[in-house]
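K.L.:
So you can see what is in the structure, the chains are spelled out below.
2 protein chains.
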Amino acid sequence: MPDPVLLVLDAEPSPRLGRLTGRVEVRYADASSLAGLLPAADVLLVWDGVSDAVREAWPGPGARPRWVHTASAGVDRLLCPELVASDTVLTTARGVFERPVAEYVAGLVLAFATDLPGTLESQRQRRRHDREGQGVAGSRAVVVGAGPIGREITRLLHGLGVTVALVGRTARRTIHGVADLDRLAARADWVIAAVPLTDSTRGMFDTRFFGLLQPSARFIGAGRVATVVEADLVDALNRRWLAGAALSTFQDEPPDTGSPLWDTPGLVLTPHLGGDTVGWRDRLGERFVAMFERWSRGQPLPNVVDKALGYVPSSDLAEDTAPNTDSPS
Amino acid sequence: MPDPVLLVLDAEPSPRLGRLTGRVEVRYADASSLAGLLPAADVLLVWDGVSDAVREAWPGPGARPRWVHTASAGVDRLLCPELVASDTVLTTARGVFERPVAEYVAGLVLAFATDLPGTLESQRQRRRHDREGQGVAGSRAVVVGAGPIGREITRLLHGLGVTVALVGRTARRTIHGVADLDRLAARADWVIAAVPLTDSTRGMFDTRFFGLLQPSARFIGAGRVATVVEADLVDALNRRWLAGAALSTFQDEPPDTGSPLWDTPGLVLTPHLGGDTVGWRDRLGERFVAMFERWSRGQPLPNVVDKALGYVPSSDLAEDTAPNTDSPS
Numbered sequence: 001m002p003d004p005v006l007l008v009l010d011a012e013p014s015p016r017l018g019r020l021t022g023r024v025e026v027r028y029a030d031a032s033s034l035a036g037l038l039p040a041a042d043v044l045l046v047w048d049g050v051s052d053a054v055r056e057a058w059p060g061p062g063a064r065p066r067w068v069h070t071a072s073a074g075v076d077r078l079l080c081p082e083l084v085a086s087d088t089v090l091t092t093a094r095g096v097f098e099r100p101v102a103e104y105v106a107g108l109v110l111a112f113a114t115d116l117p118g119t120l121e122s123q124r125q126r127r128r129h130d131r132e133g134q135g136v137a138g139s140r141a142v143v144v145g146a147g148p149i150g151r152e153i154t155r156l157l158h159g160l161g162v163t164v165a166l167v168g169r170t171a172r173r174t175i176h177g178v179a180d181l182d183r184l185a186a187r188a189d190w191v192i193a194a195v196p197l198t199d200s201t202r203g204m205f206d207t208r209f210f211g212l213l214q215p216s217a218r219f220i221g222a223g224r225v226a227t228v229v230e231a232d233l234v235d236a237l238n239r240r241w242l243a244g245a246a247l248s249t250f251q252d253e254p255p256d257t258g259s260p261l262w263d264t265p266g267l268v269l270t271p272h273l274g275g276d277t278v279g280w281r282d283r284l285g286e287r288f289v290a291m292f293e294r295w296s297r298g299q300p301l302p303n304v305v306d307k308a309l310g311y312v313p314s315s316d317l318a319e320d321t322a323p324n325t326d327s328p329s
Numbered sequence: 001m002p003d004p005v006l007l008v009l010d011a012e013p014s015p016r017l018g019r020l021t022g023r024v025e026v027r028y029a030d031a032s033s034l035a036g037l038l039p040a041a042d043v044l045l046v047w048d049g050v051s052d053a054v055r056e057a058w059p060g061p062g063a064r065p066r067w068v069h070t071a072s073a074g075v076d077r078l079l080c081p082e083l084v085a086s087d088t089v090l091t092t093a094r095g096v097f098e099r100p101v102a103e104y105v106a107g108l109v110l111a112f113a114t115d116l117p118g119t120l121e122s123q124r125q126r127r128r129h130d131r132e133g134q135g136v137a138g139s140r141a142v143v144v145g146a147g148p149i150g151r152e153i154t155r156l157l158h159g160l161g162v163t164v165a166l167v168g169r170t171a172r173r174t175i176h177g178v179a180d181l182d183r184l185a186a187r188a189d190w191v192i193a194a195v196p197l198t199d200s201t202r203g204m205f206d207t208r209f210f211g212l213l214q215p216s217a218r219f220i221g222a223g224r225v226a227t228v229v230e231a232d233l234v235d236a237l238n239r240r241w242l243a244g245a246a247l248s249t250f251q252d253e254p255p256d257t258g259s260p261l262w263d264t265p266g267l268v269l270t271p272h273l274g275g276d277t278v279g280w281r282d283r284l285g286e287r288f289v290a291m292f293e294r295w296s297r298g299q300p301l302p303n304v305v306d307k308a309l310g311y312v313p314s315s316d317l318a319e320d321t322a323p324n325t326d327s328p329s
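Protein sequences appear in the order of chains A and B. In terms of this note's numbering, the first sequence is residues 1 to 329. In terms of this note's numbering, the second sequence is residues 1 to 329.
Be careful, since some hints might not be right.
What the hints assert, rightly or not - Residues of chain B placed beyond 12 Å of chain A at every Cβ, according to the derived structure:
hint	residue
1	Gly22
2	Ala35
3	Ala40
4	Arg55
5	Pro100
6	Tyr104
7	Gly135
8	Arg183
9	Leu212
10	Ala231
11	Trp241
12	Pro300
13	Asp306
To be verified - Restraint-style ranges between C-beta atoms, simulated for each label pair:
hint	chain 1	residue 1	chain 2	residue 2	range
14	A	Arg55	B	Arg127	27 to 33 Å
15	A	Ser86	B	Arg126	37 to 43 Å
16	A	Arg240	B	Arg126	54 to 60 Å
Claimed, not checked - Here are some chain B residues pointing at chain A (derived, C-beta under 10 Å):
hint	residue
17	Tyr28
18	Gly95
19	Val109
20	Ala111
21	Thr119
22	Arg126
23	Arg128
24	Ala137
25	Arg140
26	Ser259
27	Lys307
28	Leu309
These are computed hints drawn from the structure, not numbers from a lab. Virtual Cβ for every residue (Gly too), placed ideally from N, Cα, C.
My request is simple: use the sequences and hints to build the entire structure.
P.N.:
Here it is in structure tokens:
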């Protein structure tokens, strides 16, 4: 039996894949060659989670990989109706990005609280910055999205003394349902978006939503880009409906030089800082090698996407959320 | 018996002092009038902890207040030999600044780890910032100074998953002695200075010390200004002996426009962000009113400075330091 063909999309992945030497035939594809190479591939490893190449190459008849693994947390850029309808198993890099994203969010909360952006700007102008900071302990956050990333953010903010309400699709145990979101957002100091992109979350952070917030609130985007209506956020910040915001992914990567995003008051752009900590390629590579071992032995894979839902369902996650002092009533 | 005279140095303090109306006679002093007003005062409330006015006004013969309270954590700017030798009780605002300073330090650790300063500078130039962040969980910190502020910093960093070694004057239980400092600093990712200013800490963070650090290390000054030799820190940063630093107090307040501090590579200036969170004046005022009640009833005061040591000794503190995973061996 010939070795299975592992097709790698975009860039040289981690050296960790060297462990598969002699057991797979590795081929490389880019956006233009992908459609032609797909029919002969057993496994597709998508290294760049924000590429649209898979969705564009997939449609049409023909053989397809039996397994697609994406080195990212979200799969919205991959899913096309034909892939959803197929028997192909789709898995994600769950477990790699949760902690870095949570640290990124916690860092932004503390940086906003002490007005670090304004402080650095004053330093650049050789001026003393005299604004008082806010305390973080005792402030209120609402984390939208109860997947692994939202849960890790909740845990870390809770450890800083923040009262956190975690909002999921449906209310369960320590998690609020989305019906509570408006009420919780209206009294929050921090609103953190960590939702997957689905039909029901697309554009959910819009003018209507930003209009609910306190003028002192800050919004931090830690989820998929298309859940936030960028133009509405820029408009709300210009009107001072909220005090600040941070985005790490953008509709255009990077935004045009002329984009209003760059200098909207209170807006911090942190391109992909969310998950890309030193060593992430290695951690992703290690994960993939471990998953490949299971796949080649015919064992079930972890982190399988429910393609109808559009994400890895969390029903199989340990219920290990931090004690939540703002529990649903 | 006439009401006791409360002399307030510098600025209108918190409205909370209104609670003492009818029970004290409040007088106000500034640096130039202080010496003349001291002899008639029973209590001196020093609102600006970085003023040298008390040290300059105190020497010489004459009656003095029986109690001096400073609305700051350190007392080095107050102590002169005559005050040390006197029967006057000196108290500090311990309990007000610990948490804000710890949040400030934790925020800087996370901001350095994700290179938030570089990210903001890239945004200003409308450029995508492509540097990967570091993880904070599992990194190593050494906190120098085992007083209430150093302990609170230790607690908060520990909650972020940082392995923290706390260094005090002498080794005890979970606290390392200063003899361990060089060894611990040499392998630390984060060095946080939170020591009071005494004869043995003056200038302790100098060229010799910075030469011990890893090139990837960051130094955060959260203690008294004169414990850090500013010129040595600037020099070490210019030589890339360490990757970054933050200072919140300076020899000159604010530094001259021409000071090299403003644009030393990797140096973040956060003037007094350390403790000044919204509402701090009120919290200080509340504390002082509660202490005044005790004083007027002849009860012992909390937070009394050992004037020979130069700080409030921590032997009377609850041993409530967070579990320390890097315990002295």
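K.L.:
For each hint, tell me whether it holds in the structure or not.
P.N.:
Structure-based check of each hint:
no.	hint	verdict
1	Gly22	31 Å, holds
2	Ala35	29 Å, holds
3	Ala40	34 Å, holds
4	Arg55	24 Å, holds
5	Pro100	6 Å, violated
6	Tyr104	6 Å, violated
7	Gly135	5 Å, violated
8	Arg183	25 Å, holds
9	Leu212	23 Å, holds
10	Ala231	18 Å, holds
11	Trp241	21 Å, holds
12	Pro300	29 Å, holds
13	Asp306	29 Å, holds
14	A:Arg55 x B:Arg127: 27 to 33 Å	29 Å, holds
15	A:Ser86 x B:Arg126: 37 to 43 Å	42 Å, holds
16	A:Arg240 x B:Arg126: 54 to 60 Å	23 Å, violated
17	Tyr28	22 Å, violated
18	Gly95	14 Å, violated
19	Val109	8 Å, holds
20	Ala111	5 Å, holds
21	Thr119	5 Å, holds
22	Arg126	5 Å, holds
23	Arg128	4 Å, holds
24	Ala137	6 Å, holds
25	Arg140	15 Å, violated
26	Ser259	8 Å, holds
27	Lys307	31 Å, violated
28	Leu309	29 Å, violated
In summary, the structure is inconsistent with hints 5, 6, 7, 16, 17, 18, 25, 27 and 28 from the numbered list given earlier, while agreeing with the others.
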